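Colleague: Protein chains in written order, with the numbering used here: chain A, 1 to 752; chain B, 1 to 66.
Think of the hints as simulated: they come from the structure by calculation, not from any bench. Hints may contain errors.
Here are the computed lysine-lysine pairs in the DSS-like style, where the Cα-Cα straight-line distance is at most 27 Å [to be verified]: (1) K615(A) to K633(A); (2) K678(A) to K72(A); (3) K523(A) to K34(B); (4) K697(A) to K50(B); (5) K515(A) to K50(B).
Everything numeric in this text was worked out from a predicted model, so none of it was measured.
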Amino acid sequence: MPESAPATARSTRRITPKSIVIWTLVALVGAVGWGVLALSRGEEISAAWVLAAALGSYAIAYRFYSKFIADKVLKVDKTRATPAERLDNGVDFHPTDRRVLFGHHFAAIAGAGPLVGPVLAAQMGYLPGTIWIVAGVIFAGAVQDMVTLFFSTRRDGRSLGQMARDEIGPFGGAAALVAVFAIMIILLAVLALVIVNALAHSPWGVFSIAMTIPIALFMGFYLRILRPGRVTEVSVIGVALLLLAIVSGSWVADSSLADTFTLEPGTLVIWMVVYGFLASVLPVWMLLAPRDYLSTFMKVGTIVLLALGVVIALPNLKMPAVTEFATSGTGPVFAGSLFPFVFITIACGALSGFHALVSSGTTPKMIQKETQVRLVGYGSMLTESFVAIMAVIAACIIEPGLFFAVNSPAGFLGTTVDSASQAVHSLGFSISPEELTAAAKAVEEPTLLSKTGGAPTFALGMSEIFSAVIGGAGLKAFWYHFAIMFEALFILTTVDAGTRVGRFMLQDTLGNVWKPLRDVSWKPGVWLTSAVVVGGWGYFLWVGVHDPLGGINQLFPLFGIANQLLAAVALAVCTTLLIKSGRLKWAWVTAVPLFWDVAVTLTASWQKIFSDDPKVGFFAQRSVYQDGIDAGKVLPPAKSMDDMSTVVTNSTVDGVLSVLFAVLILIVLADATRVCVKAIRNPGTAKLSETPYVESKVVAPAGLWATKEEKAELAAVGAAASSGDGSGPSGDSDGDGDSDGTGGVRVGTGAR
Amino acid sequence: MTGRGPRWWRAVRWYVREFTDESAYDRYVAHARKDHPCAAVMSRRAFERKRTDRQESDPRQGFRCC
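Whenever a hint applies, use it, and build me the whole structure from the sequences.
Modeller: This is the structure we're talking about:
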């Protein structure tokens, strides 16, 4: 049996009275937070209670549940060398300080996702989203990330697809590969759609986002030619230029240039597609790398600012705890009732399959100690979940009437503030036409109606919070466009990077059929496959912008289903691995979230395919509009026969995709079940492709702060190390310049 | 290369350099000197070029999520 964790790896810490008191207090904070959320009846409550509930729960989960998984389930082994230590080549394999890797991993998993889903789900009130984000991350999302990271670390950083192929079989592996590719296309289309919706008719936004291209080109040139490798200084210059671009956007919007930068959604789609293609075929150093530095700086900076802003401003939540759309399923933002649709709308922040792609592959090659999967895997995901909680707060502190006016499709609201006011009234919320005009004026936008996709709503909430802390109402417009810029920046980076990954996968697969295509330096092949990928997401983007029923409304559920499908693949791989490695007793740790995820995804797919309600079911929708065409009638919100046939085509494509996703998930599950049953019946036959044990020579703490025992261990080897070394950059005991000398020390020579 | 200034400043500087991977070149030099003492060490310019061009050939490295 491949079981190989010595019991010595675990420390036997005694429980002190002090720690009992502290953890009781933490539990009380969380419990009081949830108590207030549960007991409030219609009155406005402060966002502080949401924060208390979330942070208290995270702390308890991290302290107890993640420790249980690390020690009892995975049996992480601090004496076992990680791939970073064994294969250290100074480039992609190198042991990285746990605190740095936490930052890298967090920056890689968190993007626009946790800011979009929770905003859309707020149509059902703040409570369903908050509960799912907190419970989902604790029992599913963070578990998936941590366990995937652990198993990939034991396999030299193999990717999820490779692990699926090795451990489940070629059939399940191929299904996983197709799933990843399909999801990539939908993901890119939906993210691009979010940006197009935010920028349409907004000269300020379009100008400042357009300026990021010359700024990135300048930074790329600086790093390539002027001062190679000076990332920090060029990022500081870049961020300063970025702020200037946001400020100057306001001047452009007030000048005669405004018309040039006022673009229709359709025009923006063409620009996005052209940009996506060019960016993905240009060298990495020109656009992608510098843009990535910029967006990472902005991401980390803004998230820290936002957390501070929420804590200082402590705004009140104006959205009801639960709206009637939770049960009726007739919400204008997306159709369908709470179960399953809240759970697929909020993926990133609670459970996101995409993270498994980062947790396998990149991060495992850099982790210093197996014991650190808890901090890096579980801890980073908790942090992302916190970002999602802030998005819930941002969406729920604005007037509910305004929320629905911003997030409902144009077909429902009409095009004037009067019609929008009436439409919002029909939903049971109220906002006057004057208030709608004033809200748009406060952020210096021509209109806020039907700015669907979540980004504008988040930006409104963020500008509300920030202007309460700094600058007052006068800075509202600046903060609004700052938030739009912040989201657009990393969505554009994802569009570029995602197109490249999609292209790479396509080249790899098509290369089996026709050899030259696999060569990544053969330009015509690169252009062709790039064009295919861009064409794929470009098609859905175009469809999303022109869909009379509203693009976000139609496409976001598909994106959610796709993302949760990938989570099912990751959790199935994890469960299979737990069973195959003789941990059947603990397989529920990933099996329970897997069953939940499958229940959610398949119920959503079932409803999207078979529901009789034309608002929910794609094929029911198709037949309603097809019957309309046959009878020669135009059904609202379609305005013409062309609109009618657009709806028919889109519903058919979306329905077929739903079927495809459901079939893929069933294939992976069936194949994984086969392997698991075999392993349970006949444990001797289970073959693991784990890398054999090699003893570790590195001493490093597991958590963020070194414990007393860990400090003693470090001091014991650190003294020996630094005496023979003396070449450390800043004279810290372990020679890596970190703040408290707990970075990690190699036993013996001391030289790195 | 030696850091100057108070302890907290060195700590911040260290973290930022590691986080942005600006320290990749120093790591490479240390690695090259230790494991291949006879081989020529690339200049920073050449190293950074090679590093970004590597990302070109396999874009899955450093992929960002939604």
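Colleague: Taking the numbered hints from earlier one at a time, note which ones the structure violates and give those numbers from smallest to largest.
Modeller: 3, 4
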